[in-house]
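Kindly produce the complete structure, drawing on both the sequences and the hints.
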Amino acid sequence: MSDSDVAFAVEYDECLKKLKTLLKESNLEITPGTITTVIKVAMEVVEASKLKGSAQKKLVTKIVRKVVVDAPITDEKEKLILDMVDQGVVENVVELVVSASKGEVDINAAVKVATGCCASFLKRR
1 MSDSDVAFAV EYDECLKKLK TLLKESNLEI TPGTITTVIK VAMEVVEASK
51 LKGSAQKKLV TKIVRKVVVD APITDEKEKL ILDMVDQGVV ENVVELVVSA
101 SKGEVDINAA VKVATGCCAS FLKRR
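Taking the numbering used here as reference, the numbering of the sequence shown is continuous, increasing by one, and the terminal residue is 125.
These aren't lab readings, by the way, just hints derived from the structure by calculation.
Backbone N, C-alpha and C fix where the C-beta goes; we use that ideal spot for every residue, glycine too.
Hints should not be assumed to be uniformly reliable.
Said to hold, decoys possible - BS3-like cross-link-like pairs, simulated, lysine-lysine; straight-line CA separation at most 27 Å: (1) K50 - K24; (2) K66 - K17; (3) K77 - K40; (4) K52 - K102; (5) K24 - K102; (6) K50 - K77; (7) K58 - K18; (8) K18 - K66; (9) K57 - K102.
Said to hold, decoys possible - If you anchor each label on the Cβ, the simulated ranges turn out as follows: (10) D75 - D106: 36 to 46 Å; (11) E104 - E76: 32 to 42 Å; (12) S2 - P32: 34 to 44 Å; (13) V69 - S26: 12 to 22 Å; (14) V6 - G33: 35 to 45 Å; (15) P32 - V105: 15 to 25 Å; (16) S4 - E76: 32 to 42 Å; (17) S2 - S26: 17 to 27 Å; (18) E76 - V6: 35 to 45 Å.
Here it is in structure tokens:
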């Protein structure tokens, strides 16, 4: 295992623990409707880690996936959320937030794209 793999594993454990604690303290139930809030909290946790760039995005995706798997939710909800994670929704939300924080997003255009994207995903259900 390389030094970067070890560093990632350490950050994974620490960030996952912190994310679970924050979600429990806020009594946030994990559902398809709250997944963006879970992603937001995960991003805030990972931002405080030593990882940067694409490693942060990878870590956010992994810890969000893990909290979904561990959540006391129905198999149907879990599958729906995991499908969203596996289809890149978490990574896309992270990229959107990063772009918006840099002033690179035309909000009116982003709303139209997000609405179309989410609607087409949910219509497949």
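Results for each hint:
About 24 Å separates the Cα atoms of K50 and K24, which keeps this hinted pair within 27 Å; it holds. Pair hint K66 plus K17 holds up; C-alpha atoms about 11 Å apart against a cutoff of 27 Å. A threshold of 27 Å between alpha carbons decides the hint, and for K77 with K40 the separation of about 19 Å falls inside it, so the pair holds. The hinted pair formed by K52 and K102 meets the criterion: a straight-line CA distance of about 16 Å does not exceed 27 Å.
Restraint check for K24 and K102: the C-alpha separation of about 31 Å exceeds 27 Å, so the hint is violated. Of the supplied pair hints, the one linking K50 and K77 is violated, its CA atoms being roughly 32 Å apart against a limit of 27 Å. Under the criterion of a C-alpha separation no larger than 27 Å, the hint pairing K58 with K18 is consistent with the structure, at around 17 Å. A distance of roughly 13 Å separates the Cα atoms of K18 and K66; the hinted pair therefore holds under the 27 Å criterion.
Our distance criterion of 27 Å between C-alpha atoms is met by K57 and K102, whose separation comes to about 16 Å. About 39 Å separates the C-beta atoms of D75 and D106, a value consistent with the hinted range of 36 to 46 Å. For the pair E104 and E76, the supplied restraint of 32 to 42 Å holds, since their beta-carbon distance comes to about 36 Å. Distance hint for S2 and P32: a CB-CB separation of about 36 Å, consistent with the stated range 34 to 44 Å.
A beta carbon spacing of about 19 Å between V69 and S26 agrees with the range 12 to 22 Å that was offered as a hint. Between V6 and G33 the Cβ separation comes to about 37 Å, which falls inside the hinted range of 35 to 45 Å. With their beta carbons about 23 Å apart, P32 and V105 fall inside the hinted range of 15 to 25 Å. Checking the proposed 32 to 42 Å range against S4 and E76 shows it holds: the Cβ atoms sit about 37 Å from each other.
The hinted window of 17 to 27 Å between S2 and S26 is violated, with their beta carbons roughly 35 Å apart. The hint said 35 to 45 Å for the Cβ distance between E76 and V6, and at roughly 37 Å that hint holds.
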